[in-house]
Amino acid sequence: MSGYQQDPKIKPTALSGEVTMPAAIGAVEQVQSVRTPIAIDYIATPGASLSAYLRGMKQKKILGDKCPVSGQVFVPPRGVSPVSGQRTTEMVEVSDQGYVESFNVTRLPIKSRPDLNPPYVSAWVVPDGANVGSISLVAGIAPEDVRIGLRVRAVWKPDDELEESAANILHWEPTGEPDFVLDDLRIIGKPGGQQ
Amino acid sequence: MSDTANDDVLRAPLRLEYPFIRTTGAVVGGFLTGLREGVVLGAKRADGTVLCPPLEYDPITSDPLTELVEVGQAGTVTTWTWNGEPRPQQPFAQPFAWAMITLDGADTPMLHGVFVDGPDAMSTGMRVSVQWRDEREGHIADIAGFVPEESA
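Just so you know, the protein sequences line up as chains A and B, in that order. Last residue of the first sequence: number 199 in the working numbering, and the count goes up by one each step with no gaps. Last residue of the second sequence: number 164 in the working numbering, and the count goes up by one each step with no gaps.
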């Protein structure tokens, strides 16, 4: 067999070589890329736990579910504890305040989200009363001032615009409280780990 | 399940979308360049036969194919199937025939749409020709489709 399959220093000839075009169109600019979008349209049904969560969102309540074995609270609720594998039976309301457990500053625009103007902050926000966070936007603060432990509160849509959607929380903004000090990283996700 | 129970189920449209842009390489890029310029190109093999659409490698010898040549803008339907109810994601909104079309000067067929009134107007061996879009960008859809040769 040809050697380049074994030796990465030898380039595949057709990929590195020139292609001869008919003289009539030899001088035009070559096409180098092509759009190949793929889209699949679904009708999504969220199931019992997420339906309860989404109905809670319409009333500006954040619901989670509790692992019957460990007591950990998961938001959003999925109906099954990812830790024990047991079906969850108890839903609990958590706070619409919490802290930033991790974050990322995005500085490049995303074509499909023209509503997001870089630079913006995506953060892993853990609501008080929950043991895990979910991805959220943090605004009302300069990106360079965002930090792990920052205390934040949810900014909800106006009441007359609320629907069964997690998008009811526009973003999270700083509360001005002292940072939550995460002095032992091993408590992340553990019951009672949060003050 | 009662109607009431159905009303309790939340439903929402969900679009899963990957807006890919692929790099083409020189051979496919050359083919698409041809389409943008209003010509159809094939890849010439060592024995002189022409693959259209072109491949980057010879399917028999595995040799790189690097010579693109112009083929005709009319050809022969080698097989076809009727699509009477196009789905939203398919390239044409009106009923059409998917057809394998061997263009004059090419030795292999390409897949594209043929626009006729109904399946009675389709037959294997029929002659069809390219219908170009007015605005072309280097995409297979630069060929709007094929129509019977006598009506072109």
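Be careful, since some hints might not be right.
[Unchecked claim] Computed from the model, here is a short list of chain B residues facing chain A with C-beta under 8 angstroms: (1) Leu26; (2) Arg27; (3) Tyr30; (4) Leu44; (5) Ile72; (6) Trp144; (7) Gly150.
[Stated by the list, open to error] Cβ pair distances, simulated, as ranges: (8) A:Ile152 / B:Gly96: 57 to 63 angstroms; (9) A:Arg91 / B:Asn95: 42 to 48 angstroms; (10) A:Lys65 / B:Glu149: 48 to 54 angstroms.
None of these hints come from the bench; they were simulated from the model. Remember, predicted model here, so these are calculated numbers, not experimental data. Cβ atoms here follow ideal geometry from the backbone N, Cα and C, with glycine treated the same way.
Identify whether the interface hint at B:Arg27 stands, where standing means a beta carbon of chain A within less than 8 angstroms of its own.
Nearest chain A Cβ about 5 angstroms off; hint holds.
Does the closest beta carbon of chain A sit nearer than 8 angstroms to the beta carbon of B:Tyr30?
This interface hint holds because 5 angstroms falls under the 8 angstroms limit.
B:Leu44 as chain A interface residue, shortest Cβ-Cβ below 8 angstroms:
At 4 angstroms from the nearest chain A Cβ, B:Leu44 passes the 8 angstroms test, so the hint holds.
Quick one, is the B:Gly150 hint okay against chain A at 8 angstroms, beta carbons?
The hint holds - B:Gly150 has a Cβ within 8 angstroms of chain A, the shortest such distance being about 4 angstroms.
Given the range 57 to 63 angstroms, decide if the beta-carbon distance of A:Ile152 to B:Gly96 lies inside it.
Given a distance of about 59 angstroms, which is inside 57 to 63 angstroms, the answer is holds.
Cβ distance range 42 to 48 angstroms for A:Arg91 and B:Asn95, holds or violated
holds, 46 angstroms
Does the Cβ distance between A:Lys65 and B:Glu149 fall inside 48 to 54 angstroms?
holds, 49 angstroms
Return the status of the interface hint for B:Ile72: holds when the least beta-carbon distance to chain A is below 8 angstroms, violated otherwise.
violated, 15 angstroms
Interface hint for B:Leu26, Cβ within 8 angstroms of any Cβ on chain A
Result: holds, 4 angstroms to nearest chain A Cβ.
Would the stated hint for B:Trp144 survive a check requiring a Cβ distance to chain A of less than 8 angstroms?
Given a least distance of 15 angstroms, the restraint on B:Trp144 is violated.
In summary, the numbered hints that this structure violates are 5, 6.
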